[in-house]
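2 protein chains.
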Amino acid sequence: MPNQKLFNVAVVGATGAVGEQIIRLLAARNFPIQELKLLSSARSAGKKLSFKGHEITIQEATPDSFEGVDIALFSAGGDVSRLLVPEAVKRGTVCIDNTSAFRMDPETPLVVPEVNIDKISEHNGVIANPNCSTIQMVQALKPLYDRYGISRIIVSTYQAVSGAGASAINEMLRQSQEALAGNVVEPQILPVGALPKKHQIAFNAIPQIDKFVDNGFTYEEMKMINETKKIMDDESLQVTATCVRIPVVYGHSESVYVELKQDFDIEEVKSLLADSPGIILQDNPAEQLYPLATEAAGKLETFVGRIRRDLSNPRALNLWIVSDNLLKGAAWNAVQIAEYIAIEQN
Amino acid sequence: MPNQKLFNVAVVGATGAVGEQIIRLLAARNFPIQELKLLSSARSAGKKLSFKGHEITIQEATPDSFEGVDIALFSAGGDVSRLLVPEAVKRGTVCIDNTSAFRMDPETPLVVPEVNIDKISEHNGVIANPNCSTIQMVQALKPLYDRYGISRIIVSTYQAVSGAGASAINEMLRQSQEALAGNVVEPQILPVGALPKKHQIAFNAIPQIDKFVDNGFTYEEMKMINETKKIMDDESLQVTATCVRIPVVYGHSESVYVELKQDFDIEEVKSLLADSPGIILQDNPAEQLYPLATEAAGKLETFVGRIRRDLSNPRALNLWIVSDNLLKGAAWNAVQIAEYIAIEQN
Numbered sequence: 001m002p003n004q005k006l007f008n009v010a011v012v013g014a015t016g017a018v019g020e021q022i023i024r025l026l027a028a029r030n031f032p033i034q035e036l037k038l039l040s041s042a043r044s045a046g047k048k049l050s051f052k053g054h055e056i057t058i059q060e061a062t063p064d065s066f067e068g069v070d071i072a073l074f075s076a077g078g079d080v081s082r083l084l085v086p087e088a089v090k091r092g093t094v095c096i097d098n099t100s101a102f103r104m105d106p107e108t109p110l111v112v113p114e115v116n117i118d119k120i121s122e123h124n125g126v127i128a129n130p131n132c133s134t135i136q137m138v139q140a141l142k143p144l145y146d147r148y149g150i151s152r153i154i155v156s157t158y159q160a161v162s163g164a165g166a167s168a169i170n171e172m173l174r175q176s177q178e179a180l181a182g183n184v185v186e187p188q189i190l191p192v193g194a195l196p197k198k199h200q201i202a203f204n205a206i207p208q209i210d211k212f213v214d215n216g217f218t219y220e221e222m223k224m225i226n227e228t229k230k231i232m233d234d235e236s237l238q239v240t241a242t243c244v245r246i247p248v249v250y251g252h253s254e255s256v257y258v259e260l261k262q263d264f265d266i267e268e269v270k271s272l273l274a275d276s277p278g279i280i281l282q283d284n285p286a287e288q289l290y291p292l293a294t295e296a297a298g299k300l301e302t303f304v305g306r307i308r309r310d311l312s313n314p315r316a317l318n319l320w321i322v323s324d325n326l327l328k329g330a331a332w333n334a335v336q337i338a339e340y341i342a343i344e345q346n
Numbered sequence: 001m002p003n004q005k006l007f008n009v010a011v012v013g014a015t016g017a018v019g020e021q022i023i024r025l026l027a028a029r030n031f032p033i034q035e036l037k038l039l040s041s042a043r044s045a046g047k048k049l050s051f052k053g054h055e056i057t058i059q060e061a062t063p064d065s066f067e068g069v070d071i072a073l074f075s076a077g078g079d080v081s082r083l084l085v086p087e088a089v090k091r092g093t094v095c096i097d098n099t100s101a102f103r104m105d106p107e108t109p110l111v112v113p114e115v116n117i118d119k120i121s122e123h124n125g126v127i128a129n130p131n132c133s134t135i136q137m138v139q140a141l142k143p144l145y146d147r148y149g150i151s152r153i154i155v156s157t158y159q160a161v162s163g164a165g166a167s168a169i170n171e172m173l174r175q176s177q178e179a180l181a182g183n184v185v186e187p188q189i190l191p192v193g194a195l196p197k198k199h200q201i202a203f204n205a206i207p208q209i210d211k212f213v214d215n216g217f218t219y220e221e222m223k224m225i226n227e228t229k230k231i232m233d234d235e236s237l238q239v240t241a242t243c244v245r246i247p248v249v250y251g252h253s254e255s256v257y258v259e260l261k262q263d264f265d266i267e268e269v270k271s272l273l274a275d276s277p278g279i280i281l282q283d284n285p286a287e288q289l290y291p292l293a294t295e296a297a298g299k300l301e302t303f304v305g306r307i308r309r310d311l312s313n314p315r316a317l318n319l320w321i322v323s324d325n326l327l328k329g330a331a332w333n334a335v336q337i338a339e340y341i342a343i344e345q346n
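Line order of the protein sequences matches chains A and B.
If you use UniProt numbering, the first sequence corresponds to residues 1 to 346, in order.
If you use UniProt numbering, the second sequence corresponds to residues 1 to 346, in order.
Isolated chain A, as found in the complex (with noise of 0.2 Å):
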């Protein structure tokens, strides 16, 4: 592109599992970059990261860390965002927000571009990412949305470690050799977020990522619940979820069984979806064709499979729906909407 405008862009938490994939796609996708920051925690400042052949060194992250700055993408705590994405705004920074800080925040845009890109434009200095397990589950149902109309959904998570950090992944390597060396199993990390107590993840299913609320269900299930109905703009849709760690590296899988408004034809649904952007179709049960998290690790798009008409609701269908928790379900959503943010300033 000639003349193409430049941008100087912050990655915010650049040494966690989501921060260095966004670093490596903005690398890959050749972002028009003027100037990269990397920014973290006071601890991992001074240390190196090589981006396009030269090394940069992260810096701590402060308010001032974001005169300048055009763009910054944030995935290192709530917390973090909490504290530092207004002092970015008021330095006219656009930030993309991988945290649950302001998700929910109405005057913040929800967005997964291949579903509401439209929503961008309506931003006040912030655009929120939403969370992994709810990204690759509307970008699957948006198609049969806009067609046939959704009433209810009820998704069951297959999740990876990765989703709970670097941190995570590696207690779960970890206790897999104990288990297999016969050793007692010491969990130390997982469930992140929750009491003291911790559960082994190794060989086992731990119904419980984040935080338990009030009335049963726990954050990560509330935020499926919740974003999914802001980023489809339909407080009407009743959606249920059950969220559930399993012993997977990367990529995470849901069981989704979804209500139509309308009567549907199987083969279009199954159209509909293998010409939707970004969505992988793997349905062939003749040749045991279906996604796999082994297989969507490290792609960017997101794969649907083991599409069927309902027994019971001829209007339902169920779906296995399986992406890279740690691309699409986070640094590639992001890089997405930086990009269509340096489109628009274009």
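Derived from the structure by calculation, the hints contain no laboratory data.
The hints are all genuine.
The list treats identical chains as one, so a pair stands whether inside a single copy or across any two.
Taking lysine to aspartate or glutamate pairs in the DMTMM-like style, the calculated list, with each CA pair at most 20 Å apart, reads:
{"#": "1", "residue 1": "K198", "residue 2": "E287"}
{"#": "2", "residue 1": "K198", "residue 2": "E295"}
{"#": "3", "residue 1": "K90", "residue 2": "E122"}
Starting from the known structure of chain A, fit chain B onto it as the hints suggest.
For chain B alone, coordinates are given in the frame of chain A:
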């Protein structure tokens, strides 16, 4: 018990994962045995197994093996049952069949003792043991069915590899070691009963158990749907299932959404379950107490937790149900049935 009748008992499939547990439970429960015959394929015949301090030589199962046998417990696969159960019945043996061979036969009772023990007396020589994933679900839902009525069940499963036999356990452990060592994982076993194509189970979730039916569901899913209706004796019950294999050794977990026919009080639901035989309520979010596969492994009970009223449908609730698939899901349910038969004939 004075003058207690003693029975000649046969275990068919004595060397399998379930057969092994049946033999262990017959000893642990002090089942009134006169003579125990251990039967298998020709390949395992001649091996010796220990029962209450005595060595028993495994014999090849043939029609004549059942001469004089009062009760036979079958878990050697559907083909063996289809061949030998009729031969055993002809010789007066009461057969408890742990395969799918006779489950949907209208003449054969399909029994979970806590749910429909009254059906046991209607047998014509065969009593079928339901599928593992069905047993724990109907056991947990029966108290709610009786008190409030149930119109609809939507279940997603998190099933252990032991459900596919000892070879699948070995496969999962071997693959885990390969993956942890950074080596290529070569799948050879799962999904069982499917095409020659195999998928990695270590650090993955496979949304296929058993073969596919033409309607896009798998046989495992159809078993849950059809067996639940038969056991509950309610063809109007709407059931949807998505069955998924995850890297867990023992213990199936299930995320269940259930619509009741009447209003309910959530504390009453918990009391009903806590007071039901064979069920242990584990439900205290404040203490992060909920059922876990690793803790249910080796236990005879079914564990229920994460009980919460649905936010979109006040007549619906969500539960998390876990049980050891080889015990209540197979061997223990079969031995329970054998105990009822022994009591009846005493």
